[in-house]
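A.B. asks: Here are the chains, one letter per residue:
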Amino acid sequence: MSAPSFAAVDVSAWIGPYPFREVPHPEPEVLVRVLAREGVARAWVGWLPSAWQRDPAPGNDRLIDALAPYREVLEPAVAIRPDWPHWERELDRGVAAGATSVRVYPAQWGLGAGHPGLTRLAAACAERHVALHITVRVEDLRQRHAHDVAGDVPAATLRAVARAGTGATVVISGAGRELIEEVWWGLTAQEQARVHFDFGWVWGPPEDHFSVLLHAMGSAPFVYGSQWPLRLVQQSRALVSLADATVRPSLPLPDPTRHRR
Amino acid sequence: MTTAASQTPPLGGDEPLIDPHAHFHTPASGRADWARYNASRLGAGDQMGVCAHVASILGSWGQTSPTYFPSPHDVTHANAFMRDLARDDARVHAYVAVNPNHPSHALAEIAEGVAHGAVGVKLAASRRADDALLDDIAALAAQEQLPILHHIWQDRRRDWPNQDASDGVELARLAMRHPRTRFLLAHIGGGGDWAHTMHAVRDVENIVVDLSGSGIDRGMIDAAVAALGASRVLWAADLTLCTGLTKLWALDAMTLSAEERADIRWRNAVRLFPRARFVHRGEVLTA
Chain P
1 MSAPSFAAVD VSAWIGPYPF REVPHPEPEV LVRVLAREGV ARAWVGWLPS AWQRDPAPGN
61 DRLIDALAPY REVLEPAVAI RPDWPHWERE LDRGVAAGAT SVRVYPAQWG LGAGHPGLTR
121 LAAACAERHV ALHITVRVED LRQRHAHDVA GDVPAATLRA VARAGTGATV VISGAGRELI
181 EEVWWGLTAQ EQARVHFDFG WVWGPPEDHF SVLLHAMGSA PFVYGSQWPL RLVQQSRALV
241 SLADATVRPS LPLPDPTRHR R
Chain X
1001 MTTAASQTPP LGGDEPLIDP HAHFHTPASG RADWARYNAS RLGAGDQMGV CAHVASILGS
1061 WGQTSPTYFP SPHDVTHANA FMRDLARDDA RVHAYVAVNP NHPSHALAEI AEGVAHGAVG
1121 VKLAASRRAD DALLDDIAAL AAQEQLPILH HIWQDRRRDW PNQDASDGVE LARLAMRHPR
1181 TRFLLAHIGG GGDWAHTMHA VRDVENIVVD LSGSGIDRGM IDAAVAALGA SRVLWAADLT
1241 LCTGLTKLWA LDAMTLSAEE RADIRWRNAV RLFPRARFVH RGEVLTA
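Each protein sequence line maps, in turn, to chains P and X.
Quick note: the first sequence uses this note's numbering, first residue 1, plus one each step.
Quick note: the second sequence uses this note's numbering, first residue 1001, plus one each step.
Each hint should be verified, as a subset may be incorrect.
[Stated by the list, open to error] Footprint (simulated), chain X over chain P, 3 or more residues, beta carbon under 8 Å:
no., region
1, 18-31
2, 198-206
3, 220-232
4, 237-246
The hints are simulated quantities; they were obtained by calculation from the structure and are not laboratory data.
Cβ coordinates follow ideal geometry from the N, Cα and C atoms, glycine included.
Please work from the sequences and hints to get the whole structure.
C.D. replies: Printed below as a string of C-alpha cells:
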C-alpha cells in the first residue's frame, strides 16, 4: 500500500462490465494502475452488474475472486439485498472475505424511503463495522438506456437511512449539490457525523457548487469516489483544484472509516 | 492575462488552450449573481490556462423569453452585451446567437455581429437543424467565414421540454446541404448517447465536435478520436469548467501524439475560426 497523495481511498469504484454500453478495460489490474497514477492508496470495489441483477450473490463471488490477487489495494464491496431471503448470511460471507463496505442499490431494487430492509441492513453493517455505501446514480438521466428506468435514489430514502440511529457509517455516491443539501440539512448534527458524500457529481466553476458546499458544510463530509470504470477519475481532483482556496479540502482526502483502522 | 492565477502554472498545462463553447450572463439573465458567474468563468479559465473563450449568451436565459426560443429583443440585447464583453476583454470572442424562427432578424443580427467582430454563429434549439429555415443562415455563415456552433442532443429519441433539440443525424442533413459551411457539433458530453453521434457525423467532413458538457464517460474521448480523428475534435467546457479540466487531464493520459493533443486543445479552433485572432502569451496563434 503506497502513501496516498490525493486520497486514502476511492470509495466508489467497480469492476466488471456495464449492461448499457461498452466500458474500456473494467479489470482490477487496470484499476490498480489508475489508482497508483492518481495518488490513491486503496479502493472499495463493487461488481458493476450487481445493481441490475436480481441475486447479488454470484456477482459477489466473481468480485471476491477477481480481487484476490490485489487485496492490499482493492477491497471488495459486496452487494447485499436486504429484501432477499437470508441476506445476513451473504453479508457475513462478504465480511469474512474481507469486505470493508457494502453496496446497496435502492433504486434498481425497488427499495423506497423507509423500507425496513434498508434500516436493518444499516444496523447489520454497523454491528459488523463495515460502511453502507448507497449509489444515487451512475449515469445522468439524459443519457440512460431506454431499459434503465430506475431513476435516482431520492433524498427521502437517504435521510431515512441516516436518521435510523443504527450507528452505521453511510457513504453516498453520485449526489449533486441539491441532493447533498437536502440530505445534510435534514439531519441532526449527530446524524450528520456518520454521513459522507463522494463529490464527483458536484459542479465546480462557473456555478461553483462545490465551493458553496464547502463553505456551508466544511470539508469533513466529503470523500473521494471516482465511479471508475464508468467515469473519468480526474473529476474530483479537478473540483478540488478549482475550489475556493479558503475552503479547499486538505489532501489526501480521508477514509470515512479511518476511525476504525 | 495578469491575474493572480496566472502567476502559477496553469492547471491544464502550458500549451495554448481555446474554449470554443463558453457562455456568459447579463443583468437581464434573471440571476443576481450574473457578474460573479462571468468572473468565475474567466478566473477558472485563467487557472486552467484558457487563453480564449468563444462565447454566446442565449437571450435572457429564460427570464423574459425561453432560453431556446428567445425573442428578437432578447437576442439583440444578448448579442450586444456579448460583443461588448469581447471588445473589453482580449480573452473573449463572440458568437452571434440567433433564432431562425425570425429569419430576417437572424440575418440582420449576423450582419451586425460581423461588423463588430463576431467570429461565429450560435444556433441552439429554436428549430430542428435540418429545417429549411436554417438554410439562409448557413449560407450566410459560409459567405462570412463564420462556423456555426449547433446545440445537439446526442441521439434524441424523443422531444425534450423547452427546446426543439436536434441530434447528429439532423445536423448532418444541414451540413450536407451546405458543404462550404463549417459546423461545430456541441457538447458530446452534454446528454444523450454520444456513440450515436459518432456514427451520424463520421462521413460529414464539415462537422467537427466539441467535448464539452458535464458528461465524463470513460471511453467517450477515445471514441471521438477513433471515429473522427484528432483533427475533428475540439476540447471545450460549456457550463462546467471542472469537467473540462477533467477531460484535459484525460487527454494527457491518452496515447495521443503531441500534434494530436495540440489539435484538440487549440489548433483545430484556430482553423475553425478564421476571423478570430487568438492570442497566447502575447503571440497570435496560427495553425
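A.B. asks: Each hint: holds or not?
C.D. replies: Results for each hint:
1. 18-31: Since 4 is at least three, the answer is holds.
2. 198-206: holds (count 4)
3. 220-232: holds (count 5)
4. 237-246: Per the Cβ count (5), the hint holds.
Checked against the numbered hints given earlier, the structure satisfies every one of them.
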